[in-house]
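There are 2 protein chains.
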Amino acid sequence: MAMASQALVSSTFANVNSAKDVSFSSAFSPSSLRCNDAMPRMTVSRGIRVASCAVESLEKEKTSYATKVTRNANFAKLQAGYLFPEIGRRRAAHIAKYPDAKVISLGIGDTTEPIPSVIAEGMKAKAQALSTLEGYSGYGAEQGEGSLRAALQKFYLKLHPDTGVKASEVFVSDGAKCDIARLQMMFGADVTIAVQDPSYPAYVDSSVMMGQTGGYEADSQQYNKIHYMKCTPENDFFPDLASAPRTDIIFFCSPNNPTGATATKKQLEELVAFAKKNGSIIVYDAAYSIYISDDSPKTIYEIPGAREVAIEISSFSKFAGFTGVRLGWTVVPEELLYADGFPVIKDFNRVMTTSFNGASNIAQAGGLACLSDDGWKAMEELVAFYKKNVEIIVEAVTSVGLTTYGGKNAPYVWVHFPGQSSWDVFAKILEEAHIVTTPGSGFGPGGEGFVRISAFGHRENIVEAAERLKKLFG
Amino acid sequence: MAMASQALVSSTFANVNSAKDVSFSSAFSPSSLRCNDAMPRMTVSRGIRVASCAVESLEKEKTSYATKVTRNANFAKLQAGYLFPEIGRRRAAHIAKYPDAKVISLGIGDTTEPIPSVIAEGMKAKAQALSTLEGYSGYGAEQGEGSLRAALQKFYLKLHPDTGVKASEVFVSDGAKCDIARLQMMFGADVTIAVQDPSYPAYVDSSVMMGQTGGYEADSQQYNKIHYMKCTPENDFFPDLASAPRTDIIFFCSPNNPTGATATKKQLEELVAFAKKNGSIIVYDAAYSIYISDDSPKTIYEIPGAREVAIEISSFSKFAGFTGVRLGWTVVPEELLYADGFPVIKDFNRVMTTSFNGASNIAQAGGLACLSDDGWKAMEELVAFYKKNVEIIVEAVTSVGLTTYGGKNAPYVWVHFPGQSSWDVFAKILEEAHIVTTPGSGFGPGGEGFVRISAFGHRENIVEAAERLKKLFG
Numbered sequence: 001m002a003m004a005s006q007a008l009v010s011s012t013f014a015n016v017n018s019a020k021d022v023s024f025s026s027a028f029s030p031s032s033l034r035c036n037d038a039m040p041r042m043t044v045s046r047g048i049r050v051a052s053c054a055v056e057s058l059e060k061e062k063t064s065y066a067t068k069v070t071r072n073a074n075f076a077k078l079q080a081g082y083l084f085p086e087i088g089r090r091r092a093a094h095i096a097k098y099p100d101a102k103v104i105s106l107g108i109g110d111t112t113e114p115i116p117s118v119i120a121e122g123m124k125a126k127a128q129a130l131s132t133l134e135g136y137s138g139y140g141a142e143q144g145e146g147s148l149r150a151a152l153q154k155f156y157l158k159l160h161p162d163t164g165v166k167a168s169e170v171f172v173s174d175g176a177k178c179d180i181a182r183l184q185m186m187f188g189a190d191v192t193i194a195v196q197d198p199s200y201p202a203y204v205d206s207s208v209m210m211g212q213t214g215g216y217e218a219d220s221q222q223y224n225k226i227h228y229m230k231c232t233p234e235n236d237f238f239p240d241l242a243s244a245p246r247t248d249i250i251f252f253c254s255p256n257n258p259t260g261a262t263a264t265k266k267q268l269e270e271l272v273a274f275a276k277k278n279g280s281i282i283v284y285d286a287a288y289s290i291y292i293s294d295d296s297p298k299t300i301y302e303i304p305g306a307r308e309v310a311i312e313i314s315s316f317s318k319f320a321g322f323t324g325v326r327l328g329w330t331v332v333p334e335e336l337l338y339a340d341g342f343p344v345i346k347d348f349n350r351v352m353t354t355s356f357n358g359a360s361n362i363a364q365a366g367g368l369a370c371l372s373d374d375g376w377k378a379m380e381e382l383v384a385f386y387k388k389n390v391e392i393i394v395e396a397v398t399s400v401g402l403t404t405y406g407g408k409n410a411p412y413v414w415v416h417f418p419g420q421s422s423w424d425v426f427a428k429i430l431e432e433a434h435i436v437t438t439p440g441s442g443f444g445p446g447g448e449g450f451v452r453i454s455a456f457g458h459r460e461n462i463v464e465a466a467e468r469l470k471k472l473f474g
Numbered sequence: 001m002a003m004a005s006q007a008l009v010s011s012t013f014a015n016v017n018s019a020k021d022v023s024f025s026s027a028f029s030p031s032s033l034r035c036n037d038a039m040p041r042m043t044v045s046r047g048i049r050v051a052s053c054a055v056e057s058l059e060k061e062k063t064s065y066a067t068k069v070t071r072n073a074n075f076a077k078l079q080a081g082y083l084f085p086e087i088g089r090r091r092a093a094h095i096a097k098y099p100d101a102k103v104i105s106l107g108i109g110d111t112t113e114p115i116p117s118v119i120a121e122g123m124k125a126k127a128q129a130l131s132t133l134e135g136y137s138g139y140g141a142e143q144g145e146g147s148l149r150a151a152l153q154k155f156y157l158k159l160h161p162d163t164g165v166k167a168s169e170v171f172v173s174d175g176a177k178c179d180i181a182r183l184q185m186m187f188g189a190d191v192t193i194a195v196q197d198p199s200y201p202a203y204v205d206s207s208v209m210m211g212q213t214g215g216y217e218a219d220s221q222q223y224n225k226i227h228y229m230k231c232t233p234e235n236d237f238f239p240d241l242a243s244a245p246r247t248d249i250i251f252f253c254s255p256n257n258p259t260g261a262t263a264t265k266k267q268l269e270e271l272v273a274f275a276k277k278n279g280s281i282i283v284y285d286a287a288y289s290i291y292i293s294d295d296s297p298k299t300i301y302e303i304p305g306a307r308e309v310a311i312e313i314s315s316f317s318k319f320a321g322f323t324g325v326r327l328g329w330t331v332v333p334e335e336l337l338y339a340d341g342f343p344v345i346k347d348f349n350r351v352m353t354t355s356f357n358g359a360s361n362i363a364q365a366g367g368l369a370c371l372s373d374d375g376w377k378a379m380e381e382l383v384a385f386y387k388k389n390v391e392i393i394v395e396a397v398t399s400v401g402l403t404t405y406g407g408k409n410a411p412y413v414w415v416h417f418p419g420q421s422s423w424d425v426f427a428k429i430l431e432e433a434h435i436v437t438t439p440g441s442g443f444g445p446g447g448e449g450f451v452r453i454s455a456f457g458h459r460e461n462i463v464e465a466a467e468r469l470k471k472l473f474g
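Chains as they are written, first to last, in UniProt numbering: chain A, 1 to 474; chain B, 1 to 474.
Everything labelled a hint here was simulated from the structure, so no lab data went into it.
Hints are supplied without guarantee of correctness; some may be wrong.
Claimed, not checked - With a cut-off of at most 25 Å between alpha-carbon atoms, the simulated SDA-like pairs for lysine to any residue come out as follows:
1. B:Lys102 / B:Val400
2. B:Lys102 / A:Gly146
3. B:Lys377 / A:Ser131
4. A:Lys102 / B:Lys102
5. B:Lys68 / A:Asn278
6. A:Lys77 / B:Gly279
7. A:Lys276 / B:Ala129
8. B:Lys387 / A:Ser131
9. B:Lys102 / A:Tyr139
10. B:Lys277 / A:Lys77
11. A:Lys166 / B:Ser64
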């Protein structure tokens, strides 16, 4: 490989299909794999710009030994690197180019404010206890500690009196992204899926990995066999279910990442009725529910009948700044059955016990602290802080005539740039205002013409970013 | 479901194929699913005792609604519940039966001693820092923090000067069990695998889940398409490679769980040569390497050529008592290529960035502390403590004429009960000595006739367990 790497000083730029190398390279030391540009040149394909060193063929030539193991064909279908590492790479390249610029990151949606003390104290106390004979504990239940599962049951009771969520139906995990992969592993290769378009990329990418899809179609920018439910201003960001085909699984996120749109009770009733009619399973992503301040449902289980058709995933990441601490959960109701009557919860339990070993006990102590009265109050203050950030961004961007969506019940502002390429706008904002955003088309073709601005940031950075955006687009 | 559950008061006992219900039931509140016995009666099938309520058929009858989603057929192939939850369930049932007995748990292999202060302090400091503006961090790299990856590179350098492991090849994770599942997701359904028999159950179970296997054969107690490499006293616990067929993947664990056997340098050279000849990929599980006190290799990368054929997984669980903290890592060398020349590390990077979001930053701070000079010393003391436990157990068990294996370089004692059923011996030790062990056959048919005794325990419990075992078998 050392030899192969050296050969790479002469690099070429490959097509969209090899764009995974871009994000890959960010994982490597500069010496191990490199293109000859600090930031690879780009090829344009329908508004998505991707780039790559032509690594594979060179490696094949130069390396003397390869195993006889065939590469998983599903991985070869995957397009450009997973979105957020790619954004991170572009950010790093920008900083390298402008070492003196004050780059403000409103891209990946990463929390920035400290974890409230009352919650951090819970984790400190657990770390301390683990160093004592009385307080030490080893393996916990793969499904999560009983106390935390019980606290999450109460959390649901607080959200709505009729959710019916039991502690035994709550599976504590290291985060929603990880649970999505485990759910896909459970569903297997033979299910069909639908996603909102645009949507959080992990739904689609994990589906491709598991072999649920056909190949990628460059024209439509869609994978074969996935149904993309367009969510745009025209349909108030709620899919047209009347024209949607039946799929086995429907991924649905509300408040939505990236659009910030939040489904009303009536819309969710429609969704549940649609799933029930079709015998589909909804995977409902409620990771942003705490940002809801109107009467939109905070859990799918507010909707009668949802227990027979819906799994809910959620996370402490955006509730309490746990993006790095890693703690989430998934609810699988006992009533949810496969076609043969077999309870889905049993297979999910099997996945959790076989391919997972419990969330970190320190993180779980933090989760318990989050759900205490003081912890809850602290989380509400944290969320209020970020929502004030949203207001500042929305005000700035609308003041220069841009149209925004989302924001009301979510930490994301979805800014419309009609007729423009998302990646172009992303590049312009980065180059000229030194602000990292996320190109809407990174969330699916339905996001083209939009840019997502995250409201996670220190206040002074948000205020400055707002000023820069006003200047840039004013 | 409430109705369905009530119907279960009249339960029947199903065949081996439904035994997954047993472990499943441990995840549920008693009210949600129950058999009419506190501990289900058992049916005997070739030495494995399993039991089940006939849940599925009743549920199907009584529940009014089922989705039209077909259950993943691979899950239906899975046999009795994942081993360790099952052991936990039996332990709980025993405690319920003998509330006054002092049950000693030497089953699951769970660490019992406090995390050394120097390491716990690292985690406390991180939890504290997360509550400050300066110390807060959100999402880390999915591959792990740079400082920890660099420290693990140094760790390999310390093990052996020629491993060649680079920081960029180390992927930090929440544990080896989770990485096994992610590796399987990467390999996909079309690979063939070989495992040591007996072996850690997660290799086989994750393989079945991913669809790499055929059905289970009750006669051989093996899944079709998996090659079981028998490891017994007859072959010094090293598989007969001359008679082994080629498979794509070879899972190999040394020091071995459960047998405690440790491959010599010569044996590992044979293994690498075998993989190289066949173009196979070795997944080398080195989770117990720190227990090696002779000159057996502590990493597969001590073997020349291993970088072209081997992935190594490892974990802080048994190094520092991190079973509940959750921290491990996987090394994928750049030289490891699929048949088409595509680097395996690229696909593993893709799995990690798409289906994982980094190990807890607090756990990673603990990992860094582990690898500091003081942390390393503390881990060595911890390991020495457990190895003294091993001596006590081995001495007791051999003093009454039983033959043991393992122990020398591992925290497990593999006790031979020739001609007896592992589950029978397990049940006898639990019933008469109130000691939880692990039946060897739970690790595969090759473990039949053995029981694994874990040396993880407080000294006084180990001493008492040793006494009870002497009495029981003396």
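For Lys102 of chain B and Val400 of chain B, compute the direct alpha-carbon distance and say whether it is at most 25 Å. holds (23 Å)
Taking 25 Å as the top limit, are the C-alpha atoms of Lys77 of chain A and Gly279 of chain B close enough? Within the cut-off at roughly 24 Å; holds.
Keeping to a limit of 25 Å between CA atoms, is the pair of Lys102 of chain B and Tyr139 of chain A held or broken? holds (20 Å)
Is the hinted pair Lys102 of chain A and Lys102 of chain B satisfied, with a Cα-Cα distance of at most 25 Å? violated (63 Å)
So if I understand the rule, the pair passes when the alpha-carbon distance is 25 Å or less; does Lys102 of chain B with Gly146 of chain A pass? The hint holds at about 23 Å.
Would you check the hint for Lys68 of chain B and Asn278 of chain A, treating anything up to 25 Å between C-alpha atoms as holding? Between Lys68 of chain B and Asn278 of chain A the Cα gap is close to 7 Å, so the pair holds against 25 Å.
So if I understand the rule, the pair passes when the alpha-carbon distance is 25 Å or less; does Lys166 of chain A with Ser64 of chain B pass? Since the Cα atoms of Lys166 of chain A and Ser64 of chain B sit roughly 20 Å apart, the hinted pair holds (cutoff 25 Å).
Within a Cα-Cα threshold of 25 Å, do Lys387 of chain B and Ser131 of chain A meet the stated pairing? holds (20 Å)
Satisfaction of hint between Ser131 of chain A and Lys377 of chain B, Cα-Cα up to 25 Å: Satisfied, since the Cα-Cα distance of roughly 16 Å is no more than 25 Å.
Hinted pair, alpha-carbon criterion (25 Å max): Lys277 of chain B, Lys77 of chain A. Please report holds or violated. With Cα atoms ~30 Å apart, Lys277 of chain B and Lys77 of chain A exceed 25 Å; violated.
Is it true that the CA of Lys276 of chain A sits at most 25 Å from the CA of Ala129 of chain B? violated (47 Å)
Checked against the numbered hints above, the structure violates hints 4, 7, 10; every other hint is satisfied.
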